[in-house]
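Reassemble the complex: the two chains are provided individually, in unrelated frames, and hints are given to aid placement.
Take a look at the letters that make up each chain.
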Amino acid sequence: MTASRPASSDQQTDAAPTFQDRLKRSLPYFLIVCVGLYLLHLTRGFDYDQAAGSIGPHAWPRLVLFLMVGCCAFEILRLALFWNGDRRSGQADDDVVPDLTEDDAGFDNLAQASAALGAIIAYLLTLPYLGFFAATVTFIWSFAVIAGYPRLFTVTVVALSLTLIFMFLFMKVIYVSLPIGMGPFAQLSLWMMKLLGVT
Amino acid sequence: MEVFDLTLIGLTRVFSPENLAMLCIGLSIGMAVGIMPGLGIVNGIILALPFTYKMGIEPSIILLTSIYMAGTYAGAYTAILYRIPGESNDIPLLWDGYRMAQNGQAANALGWALVAALVGGLASTAFMVALARPLSVLALSFGAPEYFAAVCFGLSTVVALGGRSLVNAIIGLCIGLTISTVGIDSIYGTSRFTFDAPLLTGGIPYLTALIGMYGVGEVLSRMGRPAQAAGQAVSRQAASHSLTKTTLPKWSELWALRATLGRSTVLGTLLGTIPGAGATVTSFVSYGVEKQYGKRGAQLGSGLPEGVVAPQIGSTASVAGHMVPLLTLGLPGSGATAIILAAFLLHGVQPGPLLFASEASRITAYTIFASMFIAVIGMCLMSFLWIRITVRMLSIPTPFLDAAIVMFCILGVYADRNNMSDVWMVVTFGGLGYLFEKFKFPIAPLVLGVILGPIAESSFMQSMLSFDNDWTIFFRSPISGTIMACAILALLYPAAKQYIGRKRAFGTA
Numbered sequence: 117m118t119a120s121r122p123a124s125s126d127q128q129t130d131a132a133p134t135f136q137d138r139l140k141r142s143l144p145y146f147l148i149v150c151v152g153l154y155l156l157h158l159t160r161g162f163d164y165d166q167a168a169g170s171i172g173p174h175a176w177p178r179l180v181l182f183l184m185v186g187c188c189a190f191e192i193l194r195l196a197l198f199w200n201g202d203r204r205s206g207q208a209d210d211d212v213v214p215d216l217t218e219d220d221a222g223f224d225n226l227a228q229a230s231a232a233l234g235a236i237i238a239y240l241l242t243l244p245y246l247g248f249f250a251a252t253v254t255f256i257w258s259f260a261v262i263a264g265y266p267r268l269f270t271v272t273v274v275a276l277s278l279t280l281i282f283m284f285l286f287m288k289v290i291y292v293s294l295p296i297g298m299g300p301f302a303q304l305s306l307w308m309m310k311l312l313g314v315t
Numbered sequence: 066m067e068v069f070d071l072t073l074i075g076l077t078r079v080f081s082p083e084n085l086a087m088l089c090i091g092l093s094i095g096m097a098v099g100i101m102p103g104l105g106i107v108n109g110i111i112l113a114l115p116f117t118y119k120m121g122i123e124p125s126i127i128l129l130t131s132i133y134m135a136g137t138y139a140g141a142y143t144a145i146l147y148r149i150p151g152e153s154n155d156i157p158l159l160w161d162g163y164r165m166a167q168n169g170q171a172a173n174a175l176g177w178a179l180v181a182a183l184v185g186g187l188a189s190t191a192f193m194v195a196l197a198r199p200l201s202v203l204a205l206s207f208g209a210p211e212y213f214a215a216v217c218f219g220l221s222t223v224v225a226l227g228g229r230s231l232v233n234a235i236i237g238l239c240i241g242l243t244i245s246t247v248g249i250d251s252i253y254g255t256s257r258f259t260f261d262a263p264l265l266t267g268g269i270p271y272l273t274a275l276i277g278m279y280g281v282g283e284v285l286s287r288m289g290r291p292a293q294a295a296g297q298a299v300s301r302q303a304a305s306h307s308l309t310k311t312t313l314p315k316w317s318e319l320w321a322l323r324a325t326l327g328r329s330t331v332l333g334t335l336l337g338t339i340p341g342a343g344a345t346v347t348s349f350v351s352y353g354v355e356k357q358y359g360k361r362g363a364q365l366g367s368g369l370p371e372g373v374v375a376p377q378i379g380s381t382a383s384v385a386g387h388m389v390p391l392l393t394l395g396l397p398g399s400g401a402t403a404i405i406l407a408a409f410l411l412h413g414v415q416p417g418p419l420l421f422a423s424e425a426s427r428i429t430a431y432t433i434f435a436s437m438f439i440a441v442i443g444m445c446l447m448s449f450l451w452i453r454i455t456v457r458m459l460s461i462p463t464p465f466l467d468a469a470i471v472m473f474c475i476l477g478v479y480a481d482r483n484n485m486s487d488v489w490m491v492v493t494f495g496g497l498g499y500l501f502e503k504f505k506f507p508i509a510p511l512v513l514g515v516i517l518g519p520i521a522e523s524s525f526m527q528s529m530l531s532f533d534n535d536w537t538i539f540f541r542s543p544i545s546g547t548i549m550a551c552a553i554l555a556l557l558y559p560a561a562k563q564y565i566g567r568k569r570a571f572g573t574a
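In the order they appear, the protein sequences are chains A and B.
Note that our numbering has the first sequence beginning at 117, numbered continuously upward.
Note that our numbering has the second sequence beginning at 66, numbered continuously upward.
Simulated from the structure, these hints should not be mistaken for lab results.
Treat the hints loosely; a few may be bogus.
[Claimed, not checked] Quick look at which bits of chain B chain A covers, simulated, 3 or more residues with Cβ under 8 Å:
(1) 238 to 245
(2) 540 to 553
[Stated by the list, open to error] Here chain B is said to cover these stretches of chain A; the calculated rule only asks that three of the stretch's residues, wherever they fall, bring their Cβ under 8 Å from a Cβ of chain B:
(3) 153 to 166
(4) 179 to 187
(5) 226 to 237
(6) 246 to 257
(7) 262 to 270
(8) 287 to 300
[Stated by the list, open to error] Here are the simulated DSS-like pairs of lysine-lysine, each with C-alpha atoms no more than 25 Å apart in a straight line:
(9) B/119 with A/288
(10) A/310 with B/119
(11) A/140 with B/505
(12) A/310 with A/288
(13) B/503 with A/140
(14) B/562 with B/505
(15) B/360 with B/315
Quick caveat, the model's predicted, so the values are computed rather than measured.
Where a beta carbon is used, it is the ideal one built from N, C-alpha and C, also for glycine.
One chain only, chain B, in its complex shape (with noise of 0.2 Å):
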């Protein structure tokens, strides 16, 4: 009863000027990003940071969630009517919603793509509610070896959803755990890795290597690809496309579609609380599962609405998902996450089973999932409104929006602190993140790694000291030997994965 007044109280809050200004703001800004091929989620969140340093806590985290929602929902547009998928989520959109689109049936799959994303976000924001409050009571019960477990837990399932080569993966955390090392050593007070420099006494900021990786090495990644003018090209003949209206489905279609509905709402907000489970990968899987279990799994490819419906209910119930583990624990699981959680802590506010223990910060976490739901219904009303507008953006040339990010992420990182060490950090990290797509290696690991890497060590010398150094400590207690087995079964996935793909390759061949 109190999480529903709670919520309600939120609700109110929500209604505040400021915070519906931003909701709005967010939206419009997670369109255009949802939409922009290049430009993905986590860049909007990146540009949008600077503008919360001088707002509360309730609006900037409002911004961010928005443009983080409805980035997942906006590429749907482009997907179905252009084939320009504006995310990589997007692209499970192409195979049924584009066919639908040719099959005359554009403004049956728009419909499809917005009750998904409705769906899809109402319900998995209605977990998020549901599950924060219980999950931050046991987080509560946490010591340090269960804290070091579910770290653990979330670099495994990153490292392992990271890419096709999970020892890339690791290397890349690896190199993000020794960033987080560099400084002045929390329990000891011993200088490590600084190379007797100033700039490298007080550790690096997270939030440079965050932005650069993100926001610098993306640019440089995408200059270094040939293919630019063509996709330019397309950009502009799809923002002089006529226009397709959005009709939405008959009651009695969505009820035939209700396994599918139910199906993928499912998994799409399970799949977003496992660290690493981005909105791709559940758009993905939820296209695959629908595939592989669906009445007409079979036939999808040619232009079915299930075939929409999954992939994006998939997309949009990840949102909420991933805010489980950053609200509850403050473990973030992706990028754009981690950038929430950089907000918070911007504003002196630890995201964790402590957000849910004094009434103040109760109110501002429920505020929070209220601005969610109020953020599904109005990504939702801006596809009618704004979406057509916003897809003009497509007609910016590439170069110029390049100069723009990297402009933002100077600019933001600047405005921080007023220091021009963290400036040239963002750029060095910008080269790094170029090396990193040029050389296959994720990116995700090792800015998460950048990130919980302090958690992870802290927790990790906590549970030395007070266990004697005994490291079977992670597996006897019961919730960390739980946790730890999870998070061993996660990175033996993608090998059990390859095995078996191996044995049915050498098997049909």
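Excised from the complex, chain A in its bound form (with noise of 0.2 Å):
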């Protein structure tokens, strides 16, 4: 039986792939393959008192890196030298397990997952500052603004529903302590936790 799928746009050609196809497909196994050298080759400075017949310390991580660097030398000269593309010809017909790895949508919007990335990371830094209340506000609504939400007053009650209910959720069910941040957020979270009942 075959799970009938759509064909990825950047998958089905018929054409060779160029050598900068292969260099692109290539490029993570490279870098894989760097990091697991230096990796490696940190292995060879782990200071332990060595006593007859033991193994060391180094042994286990220089049995996976080693595995995981001829892995990817694999991968690099399989792409090299015998990859015609990503053709399905020579996929099972009855393959009933899907692949899960595979994303038939693609991977187009790099801008708006960095962009999402980039609100999170900017949360983080501003958490201590700004205190819980204000920097979730804050980052609900530019999050959901990147993910592309047009309604912005929606966008802003939405913000301020959803940054009270985790205050009471996680200050006043599950008594974390959440950053209040300083100065006058410091003033604008008490006031806020005072509204929600947590001393």
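Below, the structure is given as structure tokens:
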């Protein structure tokens, strides 16, 4: 039986891959090889009391890193010498197990994902200064806008509501001490906590 | 007999107010995450995890397993009625379930899905209850080589079933195993890959990897995809769809499908015990087997009840199957069971054979088992009462949902140790999770590598120290030799499948 799936636009190409295609596909593996080799180099510096017959604390990491580098080298070689593009002709017809890593929609929206990651990082950096309330309202607001939600008034209301719900759940229900911020933001946080009955 | 008594005691404990409340909340959350296309079962369990910190072990695990159980079923409703698979395991339901709905048999399709979930859930839970004690006794006889072999088997099946590229899965696993070596080595006390950073001295908490990769990483991946707006529009349309009642099949109809019911239950439960074979795999395999061996297999896809029953039983039965290696060996085989393991460890309880050693912990274990019986029945009842309200959650805009998931991930990790470093690690792993999705590396092997890495390393090192660095010990002992052979077979399976597929493709060309 065949799990019919739409074809990815970048995958069903009939033309043979170019050198640049191969390089692009190999890049993650090159990167992992470099990191792996560096970590293998670091294992030589592990300091321990060498007893007779002991294989040392580097044995296991080395085993794992050798396997990782070996797999990457295999994949780089495969991509360089044997890869003819991602065509499906070789795939079994009775493949009943879906490919869970495949995403037919592709990853075109790198800017949006990067902006979302940037918003999370900015949130964590400002959290100690703005406090949980102000920082979270700003974060949820900006996150929803980055994600493309058009109605700003709704975004503002939801950001405020969600922040209050989170404050209540984490401060009042499971007693987590969340940052209150500095200066006027601390005052604002304390006022909101009082409003929610958090003592 | 003792098993029966313990299960009865467990049943009485499930009906304590706190446990019952957690079961109902868990089922409600499971229903919600099961129908929301962007919110996976693992996400749902992650979101609930911080709330278990202040609870006892029993309500915590009951809450999480109920989410897991209900999450495998709720998506059937939206898949059959609206062609929206809430989870990937619901995809086979589109082929016959949605076709049945188009043929004017939506109520019957929902009824078949409900019966399938009930039969699969109850039968597999009974299997788990029967198997848990003997397996734990067997596990008590395990030495370090056997444990290492068991971990190898678990990891190899996760790798083998992790996706299309075996190499990518192995690389992901190795990255996870490497991450697990960061910090002070437990045998020699050596500092490894810490770069003199105090943050890394204590190692990388696997909870941060788990929540970062599955929670934040999933949100970032979703934001990186362009089809989000269209999916949201479909969701809104679905939420306003007219409501359909559920019609249960007659006894005669059930009897006619006895072979499908039996076959899929056995298959779902057995496949579920294999690490890596989650609800999605069991659902697809059950459908595939039904298509190949079922009486009306050739007609599947045209809107037959068998096409609803087989995958739904496979999905639900896999839950109890997955709990077997977790509770008896302490080895999680999926993201969901990894978080349940985390909940156990957060409460200072190590699942494994020792869970069945003392009277008190045995009762806890059987209370969890008993709760799964009640959860199966409860989720079927709730599908009548609750799901029509829950399905309205589909109208929640994805941006707000994503923001809430990120907040839950951040606060969930922060609440564990009140440590901002953990939060930064979550974000780092979130970024890594995004890259993994982008470059088509499966996430599950990495996460399970981080979790099982310390067990794998300590059992490997103990074996080496005890047997004079003789690595053949893993193959010489009967138990570990058999398990290692299974692990090698599991690794060879994808390559063999690909080879046969190629031969067939050339044959038909």
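Evaluation of the provided hints:
1. 238 to 245: holds (count 4)
2. 540 to 553: With 0 residues close enough to chain A, the hint is violated.
3. 153 to 166: As far as the stretch 153 to 166 of chain A goes, the hint holds, because 7 residues have Cβ atoms under 8 Å from chain B.
4. 179 to 187: holds (count 5)
5. 226 to 237: holds (count 7)
6. 246 to 257: holds (count 3)
7. 262 to 270: This one holds; 4 residues, not fewer than the three required, reach chain B with a Cβ under 8 Å.
8. 287 to 300: It holds, with 6 qualifying residues against the three required.
9. B/119 with A/288: Holds: residue 119 of chain B and residue 288 of chain A sit about 12 Å apart, inside 25 Å.
10. A/310 with B/119: holds, 23 Å
11. A/140 with B/505: The hint holds at about 14 Å.
12. A/310 with A/288: Between residue 310 of chain A and residue 288 of chain A the Cα gap is close to 11 Å, so the pair holds against 25 Å.
13. B/503 with A/140: The given pair, whose Cα atoms are some 13 Å apart, holds under the 25 Å limit.
14. B/562 with B/505: holds, 20 Å
15. B/360 with B/315: holds, 19 Å
Checked against the numbered hints above, the structure violates only hint 2.
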